[in-house]
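Chain by chain, the residues:
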Amino acid sequence: MLPPRYTFLAWFNLTHEPRRLVTALAGVAFAVLLMFIFLGFKNALYDSQIQLIKILNADIVIINSIKDNMFVPEQFALRRLYQARAFAGVESAYPLYTNTADWKNPVTKEIRPLRVLAFNPHDPVLLVPGVLENVEALQLPWTALIDQQARPEVGPITVGMTTELMEQQVQVVGTFSLGTDFAAGNGNVIMSDQNFLRYFARLGPEEDSRTLNTVDVGLIKVTPGTDVVTLVNTLREQLPKDVRVLTKAEFAQQELTYWQENTNIGFVFGLLTSMSFVVGIILVYQILYTDVADHWAEYATLKAMGYSRLHLLGVVIQEAVILAILGFIPGTIVSLGLYELASDTTGLLMQMTPERSFNIFLITLVMCLISGTIAVRKVLTADPAEVFG
Amino acid sequence: MSGVTLVDDLRDDLMGERTSKATATIVVDAHVVKIRNLNHYFGHGDLAKQVLYDINLDLPKGQIVIMTGPSGSGKTTLLSLIGGLRTAQAGSLQVMTQELVGLNKSQLVNIRRNIGFIFQMHNLFESLTASQNVEMAVELFSNWRDKRLKAVEVLTQVGLADRIDYKPKNLSGGQKQRVAIARALVNQPTLILADEPTAALDKKSGRDVVMLMQRLAKEEGRTILMVTHDNRILDVADRIINLIDGRLESDETLDHFVATHDPKSLDRRMFMM
Chain Z
1 MLPPRYTFLA WFNLTHEPRR LVTALAGVAF AVLLMFIFLG FKNALYDSQI QLIKILNADI
61 VIINSIKDNM FVPEQFALRR LYQARAFAGV ESAYPLYTNT ADWKNPVTKE IRPLRVLAFN
121 PHDPVLLVPG VLENVEALQL PWTALIDQQA RPEVGPITVG MTTELMEQQV QVVGTFSLGT
181 DFAAGNGNVI MSDQNFLRYF ARLGPEEDSR TLNTVDVGLI KVTPGTDVVT LVNTLREQLP
241 KDVRVLTKAE FAQQELTYWQ ENTNIGFVFG LLTSMSFVVG IILVYQILYT DVADHWAEYA
301 TLKAMGYSRL HLLGVVIQEA VILAILGFIP GTIVSLGLYE LASDTTGLLM QMTPERSFNI
361 FLITLVMCLI SGTIAVRKVL TADPAEVFG
Chain H
390 MSGVTLVDDL RDDLMGERTS KATATIVVDA HVVKIRNLNH YFGHGDLAKQ VLYDINLDLP
450 KGQIVIMTGP SGSGKTTLLS LIGGLRTAQA GSLQVMTQEL VGLNKSQLVN IRRNIGFIFQ
510 MHNLFESLTA SQNVEMAVEL FSNWRDKRLK AVEVLTQVGL ADRIDYKPKN LSGGQKQRVA
570 IARALVNQPT LILADEPTAA LDKKSGRDVV MLMQRLAKEE GRTILMVTHD NRILDVADRI
630 INLIDGRLES DETLDHFVAT HDPKSLDRRM FMM
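Line by line, the protein sequences are chains Z and H.
Counting in this note's numbering, the first sequence runs from 1 upward without gaps.
Counting in this note's numbering, the second sequence runs from 390 upward without gaps.
Hints are supplied without guarantee of correctness; some may be wrong.
Pairs of lysine to aspartate or glutamate, DMTMM-like flavour, derived with a Cα cap of 20 Å [unchecked claim]:
| no. | chain 1 | residue 1 | chain 2 | residue 2 |
| --- | --- | --- | --- | --- |
| 1 | H | 592 | H | 641 |
| 2 | H | 607 | H | 447 |
| 3 | H | 558 | Z | 17 |
| 4 | H | 494 | Z | 386 |
| 5 | Z | 248 | Z | 237 |
| 6 | Z | 378 | Z | 261 |
| 7 | Z | 67 | Z | 294 |
| 8 | H | 556 | Z | 17 |
| 9 | H | 558 | Z | 294 |
| 10 | H | 607 | H | 591 |
| 11 | H | 494 | Z | 383 |
| 12 | H | 556 | Z | 294 |
| 13 | H | 438 | Z | 237 |
| 14 | Z | 42 | Z | 355 |
Simulated from the structure, these hints should not be mistaken for laboratory data.
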C-alpha cells in the first residue's frame, strides 16, 4: 500500500497490535462468512430449482396448463407437439418424459426415489457432457445414466454396475452432472424413451402407467431469425387451452416464482442474513470502540492541538473501511471452501457469482460504516479540556 | 451531546476548515495573552458555580510564567480557557490579539492550532513513531513536503536525534515527554501551555524537561504558562502567579517570590544553578 501524504493514523492504530487486528479481522470475516452461507443457501435453493430448466435445449416450452411447477405430475397430449411443428418458425419439437423411480442402493439395498428424465436419445434434449457421449449406450435396453451429484445415499456410482430401478434390473452406462432440487430430492436418472416404457408402461393397478403419448415437458427449437415472443403468442392463440406455452426464460421464472411464493426460504434466510449483519455490526463496533476508548486521551490531545472532529471522524471511518476490506477477503475464501463442501454434501447448486460477492462486500462495508458511526461518537464527544488536569 | 448539536458542530467544522488558512497568520502583540475581568461559571441557572472571579492578567512575549495554587483553585480552568479548550463566557480574553469570548467551537479549533499544548501525560500514539507523532502536528498546516524534516529538526533540538524512529514503548518517561514537547513546539507557537508537565516524571527527567522548555523559550522568544505543584522547578520562572479559590492572589517575580516565601519549603540547592 502506498503511504498517503498524511500520517495514516487509522492504519497504524489498527496494525499496532497484530493480535488485536487478527481478532478484529476474524470477527469481520465471521460475519461475512455467515452472510455468505445464508445467502448462499437461499440462492442455492432457488438456483437448484431451475438448473434442469437452464440446460434444456429449447427456446419454447409446452406444458400442461395446470403444471405450475416441476413437482406437478401432469402431462399433455403428444399431438400438441405435432401440431406445434406445423407452425412457421418451429424447427423441431420433441418430448421430455419425467417420472419418479425407486432406485436401490447397490450396497445397502435401501430404496431411494430418483427423478427419471427420459427422451429419445436422438433428440437434442440435453446437450451436456455425459449425455452426448452415451447416446449409443442409452439405446440398449435396461440402461440408464446416473447423476454424479446425487445424494450419497444413492450409493457408490461406477459405470457398468448393475442395480435395480422400479424393482427391475438397470445397468449404469454413464454419468452426468445435474444436482438435486425439491422435485428431485435425491438426484436424477437419464434414460431413453424406450427404456422409460420398459420401466413405467406396465405398473400395478394402483399406479398410473405411462405411455409415450403423454408428455411432461415439450421442447421447441425455433429456426434461426425467428422472433420467439411472437411465435409464443401465436402458439398460445392457436393451440388448445389445455397446454401452456412459455419461453424458456418464462418457464424458469414460473418455477422460481412458485418456490418463492410457496416456501419460507426467502424469509428464513433473509432473517438469518439480517441477524448476521447485526452480529457483524456489534462485533465491529466492539473493536472500533475499544480502539477509540483506549486512545481517548490521544484523540482528545489531537483535538486540543487543533484537529477538527471531521478529521477524527475520518480516522475512525478509515479504520472501519480497512476492517471491511481486510475482513472480507478471508471471509470470502473460507466461504468458497464451505460452498464447495455444502455443494458436495447436499447436491445443491452453491454459486458465488461476482455480482453476489460484490453485493456482500457492499453489505460488509455498510456494516462496518454503521459500527464506525456509532463508535465515533465517543471521539466526537471527547472534551479536550478534560485532558488538562 | 444531542444529534442536532453534533450536526451543527460538524457543519461548523466544515466552515472552519475553509477559514483556517486566514487565521493562520496572526499579528504578534507585545502581550501574547491579555485578560480583563474574566469570570467563569460551571453549570447553568441556579446551579451555576463561579470558578473564576475577575481575573486580570497580561503575559508578555518571551516570559515564562508559573501558575501555582491549591487544587480546585481554578488553575486548570484558566489554562483551558486561554488555550481555547473551553468557551470563555464573560469578560475579555485575548490570545495573540484574538478575542476568545464569544467564539464558537470551530473558531476555537483554529485558535488552538497556534498554541502548543503539553500535558501531564505525554498522550503520544503508541502506534506511531516519535517522528510520526510530531509530524501529525505539522500536518495541521497542510505542510506535507517538509513535515519529516521539521520533525527531525525539532526532535534533535530536544535531544532525541538518535530516537527519531522509536515508538513510545521504547522510550523512557522523560524521553516521551520530550517528544510531547517537540510536538508542541514544532509549529513554533508563540504561546505554550503546560499542565504539570513533570508530574509523571522522576526528579532528574522532570528537571531536564523543564530546563529544555526554558532554553527553547528563551532562544526563540516563546511565552510559556505552566501549571505546576512541583517546587523543584519553580526557579525556571520569570514570574509566579498564585490562584486561590478562583482569584488571582499574588503575581510576583521569582526573586520576590523566593524572598517572601519560607525558604525551608523550597529546595535551596536548586537556586544555585
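Next on the checklist: Hint by hint, where does the structure go against what was stated? Just the numbers, ascending.
Outcome noted: Those not satisfied are hints 1, 6, 7, 10 and 13.
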